[in-house]
Amino acid sequence: MTIWQTLEDADQSDSFPLEEILSAIPWNQDGLIAAIAQEHDTKEMLMLAWMNKDALIETLTTRQVCYWSRSRQSLWRKGETSGHVQHLIDARFDCDGDALLLLVNQKGAACHTGRPNCFYNAIRGEQIVVTSSKPNNA
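Take the sequence shown: its letter number 74 is residue 74 in full-length UniProt numbering, and every next letter is one higher.
Since the hints were made in silico from the structure, they are not lab data. Any given hint might turn out to be false.
Stated by the list, open to error - Dumping the calculated BS3-like pairs for lysine-lysine here, alpha-carbon to alpha-carbon at most 27 Å:
# : residue 1 : residue 2
1 : LYS53     : LYS134
2 : LYS53     : LYS107
3 : LYS107    : LYS134
4 : LYS43     : LYS134
5 : LYS53     : LYS43
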């Protein structure tokens, strides 16, 4: 039985060693896991990015969210240049351990476009409708 199967059968408030979970993550072929950032209080979905083990450990240790930049092939500390940081409130794995939900306190815009979140292209019938304006200074 895998740790993920054990977790599926676990009762509320059961706990397991973090190192056991980290070693059992089914990282993709690039050593990454999908990480979804959600505003902790409003539940607004902010963005999807990727984490490797180093980014995940740094995030859990510092409580400042760190991702893996696939384009730069390096750690990406959210807000490092923009000041739009994400402070980690809680981190949760999905049931089979292949995705991570980060409940965060977002300071400033989450999207590189300057919009509050990255999910501003809404499908409306046969159209894509942009649901938020890009700031003039972004």
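These are the hints, each one checked on the structure:
no.	hint	in the structure
1	LYS53 to LYS134	violated, 33 Å
2	LYS53 to LYS107	holds, 24 Å
3	LYS107 to LYS134	holds, 17 Å
4	LYS43 to LYS134	holds, 21 Å
5	LYS53 to LYS43	holds, 25 Å
Against the hints set out earlier in the document, a violation occurs for number 1 only.
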